[in-house]
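Peer 1: So you can see what is in the structure, the chains are spelled out below.
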Amino acid sequence: MRTALLGLLLAAAGLAQTSVSPVITAANRFLSTLSDTQHKREIYAFDDEQQRARWSNLPVGMVPRGGIPIKEMTAAQRSAAMSLLSTILSARGYEKVQQIMEADEVNRIQESGRGGGQGKGGFKQGKGPGDPQFGKENYYISFLGEPSETKPWMLQFGGHHLALNVTVSGEHGILTPSLTGAQPALFTQDGKTVRPLGQESDKAAALFNSLDESQRKQAVLSFRMADLVLGPGQDGKTIQPEGLKASSMTTPQKNALLDLIAEWANIVHQTAAAERMAQLRKDIDQTWFAWSGPIDVTPGKNISSYYRIQGPHVVIEYAPQGLGGDPSNHVHTMYRDPTNDYGRSK
Amino acid sequence: MNVRVVITALALASWPCSAHRLDEYLQATTISLSRSRIRLEMRLVPGVAVAPMILKTLDSDGDRVFSDAEQDQYVKRLRRDLDVTLDGQPLSLHLTSKTFPSIADMEEGRGAIRLSFEAEIVDTRGGARELRFENRHWRPIGAYLVNVLTPEDPDIRVVAQTRNFEQSSYRLSYSLSSRNPMYTWFAAAAMLTFVRIAWWRRFVGPREAPKP
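Order-wise, the sequence lines are chains A and B.
Heads up, the first sequence is in the numbering used here, so the first residue is 398 and it goes up one at a time.
Heads up, the second sequence is in the numbering used here, so the first residue is 865 and it goes up one at a time.
Hints listed in this document are in silico derivations from the structure and should not be mistaken for laboratory results.
Any given hint might turn out to be false.
[Unchecked claim] SDA-like mimics (lysine to any residue), calculated; alpha carbons at most 25 angstroms apart, straight line: (1) Lys962(B) to Val460(A); (2) Lys634(A) to Ser896(B); (3) Lys437(A) to Met459(A); (4) Lys614(A) to Gly630(A); (5) Lys634(A) to Tyr1038(B).
[Claimed, not checked] Not the full set, but computed from the structure, chain A residues with beta-carbon under 10 angstroms of chain B: (6) Ala450; (7) Met459; (8) Lys548; (9) Val617; (10) Leu618; (11) Ser619; (12) Met622; (13) Ala623; (14) Leu625; (15) Leu627; (16) Gly630; (17) Ile636; (18) Glu639; (19) Gly719; (20) Pro735; (21) Asn737.
As the structure is a prediction and not an experimental result, all values here were calculated from the model.
Note that the Cβ used here is the ideal one computed from N, Cα and C, for glycine as well.
Using the sequences plus the hints, can you model the full thing?
Peer 2: Structure (structure tokens):
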């Protein structure tokens, strides 16, 4: 009798504590630190389509974001915001986000050093229109809908080179569409080399180098890819896949492709990432890998080639930006699910 | 020294390295196919360094406003720079929507001109088709992207996309399944039968017997 009662209690506890519970708790803890005015600015209606699409690779001075920026938060609010991020993301996802923000801080310092290119047509550093507003203080957090175990809601976090759109629907955590990027994509911090998107580069290079001649012939696109095809503002589009179909890959190559995909899929917390990876593993034979750009790779440096991974439920683009500087040091990436961006299953 | 080298040198001297697109004019096109229509969506984003040149042609009177007439003039110029053919025959594209950014947005390299064009396809017979798209718009500074969207119609199958290195020249081969006329007649007959049964049940069908 006692054992049965204990079993019932454990089952009830299991029902109450879902994998999303810590996320809800962290979200509510952050929201509880906000003033009434901040609260009003922070939460949008779940069906607010304008806010849902208000994300970009560009700095916040060029494309204003919704919600509250870190620079306006008190120490307690910052701590709660970062705690929420570390809960909704995996450990590696959270580290990646911090490195992207640090890269932008390096960028801000470099730009300040050169005067921000003030002058006709250039950006002005400082306050006011035209200030691109770089740096780790210029990242915004916002909600669409209230955190809930049962009703869908969304957390947005982003700024320059970062747009995380996490839709939480019951136990499911959907990270698409999300954008990661970095400039500089390689920098030194406390004597250590940091490459926020280094794994995305190294794993892709390793996969590419494992292809035989006939596979490469299919994977390599013979034309230049100047930018992301499905970047910000391109919601709802599915382009025709190109390149090498993974059904023509060996098992180790398929595993390498999955491991590469995991760099995006595993940004979100472990339970959601595991569910997503299971879906993408199932699709692997219908997944394509395409490469455009130099095929030589320098160890420890980022690639300067574009690549795209596309399957029934995923589109990933890695696009170095050849904008006058070293393209390998300025990277934009995009992660989408053409059937379920923003949790809208088709 | 070509135009792009000069622009790049000037840009690097005057603009911060973080500024996004600098010396190129991004022109991204997506193509949607249906049996009777082709739709082109174009997104044109001039880089910070080349925006003044584009602005000069766009804002022809220099009043810092893109009037309707100036927008139409620009679309005409762009249209002249595009060659779009289906099976070797020029397609008659008509503009279905246009959005122009503010001058300030354009000067900062974030302003996108968005244009949609459509063309009716008169000959909807099945078989192999070939669409060609040539873009000469601001060729010396153009950074082109062209992609076909996965067709929603299962009768349309994309066979191949071929581009030159810059993507200013694009060829799309696709096939269109013939619709079997017998199938069409059968579907029409089935629909008619369904409507007649529904009508009969509603107005003529067996009614409840009167209660004694």
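Peer 1: Next, verify each hint and record whether it holds.
Peer 2: Structure-based check of all given hints:
no., hint, verdict
1, Lys962(B) to Val460(A), "holds, 21 angstroms"
2, Lys634(A) to Ser896(B), "holds, 10 angstroms"
3, Lys437(A) to Met459(A), "holds, 23 angstroms"
4, Lys614(A) to Gly630(A), "violated, 32 angstroms"
5, Lys634(A) to Tyr1038(B), "holds, 19 angstroms"
6, Ala450, "violated, 14 angstroms"
7, Met459, "holds, 5 angstroms"
8, Lys548, "violated, 31 angstroms"
9, Val617, "violated, 12 angstroms"
10, Leu618, "holds, 8 angstroms"
11, Ser619, "holds, 7 angstroms"
12, Met622, "holds, 7 angstroms"
13, Ala623, "holds, 4 angstroms"
14, Leu625, "holds, 9 angstroms"
15, Leu627, "holds, 9 angstroms"
16, Gly630, "holds, 7 angstroms"
17, Ile636, "holds, 4 angstroms"
18, Glu639, "holds, 7 angstroms"
19, Gly719, "holds, 9 angstroms"
20, Pro735, "holds, 8 angstroms"
21, Asn737, "violated, 16 angstroms"
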